[in-house]
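Visitor: Chain residues, written in single-letter form:
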Amino acid sequence: MASSNDNPALLDIAEVSKSFGSVSVLRSVSLQVAKGEVVTIIGPSGSGKTMLLRCVNFLESYDSGSIRIDGKEVGFRDGGARQRRSERDLAAMRAETGMVFQSFNLFPHLTAAGNIMLGLTKVRGKTKTEARSIAEHWLGRVGLAHKADSLPAELSGGQQQRVGIARAVAMEPKILLLDEITSALDPELVGEVLAVVRSLAEDGMTMVMVTHEMAFARDASSRIVFMADGGVSAVGPPKEVLAVETTNERLRTFLARFRASHF
Amino acid sequence: MLSQILYALPFLAEGFAVTLWVSLLVVVLSLIAGVLLGVGLVYGPAPLRWAVRIFSDTIRGIPILVLMFFVYYGLPAVGVHLQSFWAAVLALTLFKTAQVVEYLRGAVASIPKGQSEAAMAIGLTFRQRLTSVIFPQAFRRFLPPWINGVTDAVKGSALVSLLGITDLMQAINQIIGRTYEAMPLYILGALIYFAVNYALSYASRRLERRFAFIRD
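Protein sequence lines correspond, in order, to chains A and B. Per my numbering, the first sequence runs over residues 1 to 263. Per my numbering, the second sequence runs over residues 1001 to 1216.
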């Protein structure tokens, strides 16, 4: 079995397939992400982008293939046999990846700081005081130092999503997964959230994000992955993948439709 | 008449104590069993889910009185002999447990899936997700029907008098048997039951208001 030394990629997705009955949602997807890379996944809805992201922290299981972070299999026990990890192991593995959701999913009964502190105290074993100061640090980073004691219901969508990002990065994950994090926001609130993502990218945070914000994908990504029909259809630097003269039929159609509706 | 009632008061008080004791046992035991089985119903493996489903649907389909007579008069046929007090407590607890299972299932099902996923994503274990994320939110939905069920338990405890247990109801009946003062004694009994249940409802409304800040 491969040890972590054999594999320089921080995230190694190898031939992952998943189907619901006769419908294939992921078809032998392979993708490597190096430390510090920002990889953006684009594609039409139903192409498997979100599903792939959810497999990376095992919110979804998959039928075959493997997903490794730092050489460690995410959802299944090391050693070849496809045996699901114990609840405790899974929780520990998930703590190594951060996830930000389209619908924010903040805990409504906890304050902004409380949302961030929960994982720090329960999973990272920090004291309340330590967790509070980490939470305040990250709330400051996302421009919400003054909202530490506000409940989610008292925050705007953009503010909630920034708390969502702070909650994920405060755990110091190896990889941050961003699942259409601006799709549920009013257009005027998108900018403040993307600004936070950009500053994290500048800090060297490894990120995999699914987005429909093409301009942002073009400017902020190291590489862009185009998915169609559950498979990786194109992958490369933004300039290559988003080039108007691409020979990839599916990609050209997608981009043309996209340009028509967004420009 | 008044002197007869005053004379009977200590006897009524003893009955009232039995009513409270039965109610307390039933409420506490059914809460523990109901929450455990309810978690099993929502999150358990298929065989456990079926078992809880069958238990809950069966019990809720039977009148409490039938259940109580079955436990007290029926079970001895298979060698289970319970004192009338414990037979009554067991029957009422079974009945209440089935209700608590449904309250819990409903309350937990009302929490969006994204809450569990967000809790998973930061690395919480199953138990931590329940205690730190799901239950605190589900509690507000659980409380009103459950308190309603508690008042039902207090009222329903009057049925134990039918197994010859001297609770408040039975005490009243016995005093009436001696004094023939049915009207004032039943009014007194009704007032006592009402006072307990009104206090419970009041406490419930206070609690609900305390947790009202959680917007859906």
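Among these hints, one or two may not hold up.
[What the hints assert, rightly or not] Chain A regions said to be covered by chain B (calculated; three or more residues, Cβ under 8 Å): (1) 24-38; (2) 220-230.
[Unchecked claim] Now the in silico label distances, taken between C-beta atoms and shown as ranges: (3) L1024(B) - K174(A): 48 to 54 Å; (4) S17(A) - W1050(B): 28 to 34 Å; (5) S156(A) - K1113(B): 19 to 25 Å; (6) G1079(B) - S61(A): 34 to 40 Å.
[Claimed, not checked] Chain B side only, calculated, beta carbon under 7 Å to chain A, not exhaustive: (7) S1084; (8) A1121; (9) I1122; (10) T1131; (11) V1133; (12) F1135; (13) P1136; (14) L1188; (15) A1195; (16) N1197.
Since the hints were derived computationally from the structure, they do not count as laboratory data. The structure presented is a predicted model; accordingly, all values stated were derived computationally and were not measured. Think of the CB as a built atom: it goes at the ideal place given N, C-alpha and C, for glycine as much as any other residue.
Visitor: Does each hint hold? Answer for all of them.
Guide: Tested hints:
1. 24-38: Check failed, 0 qualifying residues.
2. 220-230: violated (count 0)
3. L1024(B) - K174(A): 48 to 54 Å: holds (52 Å)
4. S17(A) - W1050(B): 28 to 34 Å: holds (32 Å)
5. S156(A) - K1113(B): 19 to 25 Å: Hint holds: Cβ distance 23 Å, inside 19 to 25 Å.
6. G1079(B) - S61(A): 34 to 40 Å: Between G1079(B) and S61(A), where Cβ atoms are some 48 Å apart, the hint is violated.
7. S1084: It is violated, given that the least Cβ distance between S1084(B) and chain A is near 44 Å, above 7 Å.
8. A1121: At 4 Å from the nearest chain A Cβ, A1121(B) passes the 7 Å test, so the hint holds.
9. I1122: Nearest chain A Cβ about 4 Å off; hint holds.
10. T1131: Nearest chain A Cβ about 9 Å off; hint violated.
11. V1133: The hint holds - V1133(B) has a Cβ within 7 Å of chain A, the shortest such distance being about 6 Å.
12. F1135: Status violated, d = 10 Å.
13. P1136: At 5 Å from the nearest chain A Cβ, P1136(B) passes the 7 Å test, so the hint holds.
14. L1188: This interface hint is violated because 44 Å lies over the 7 Å limit.
15. A1195: Hint violated; A1195(B) Cβ to chain A Cβ min 33 Å, cut 7 Å.
16. N1197: violated (29 Å)
Hint compliance for this structure: hints 1, 2, 6, 7, 10, 12, 14, 15 and 16 are not met, and every other hint is.
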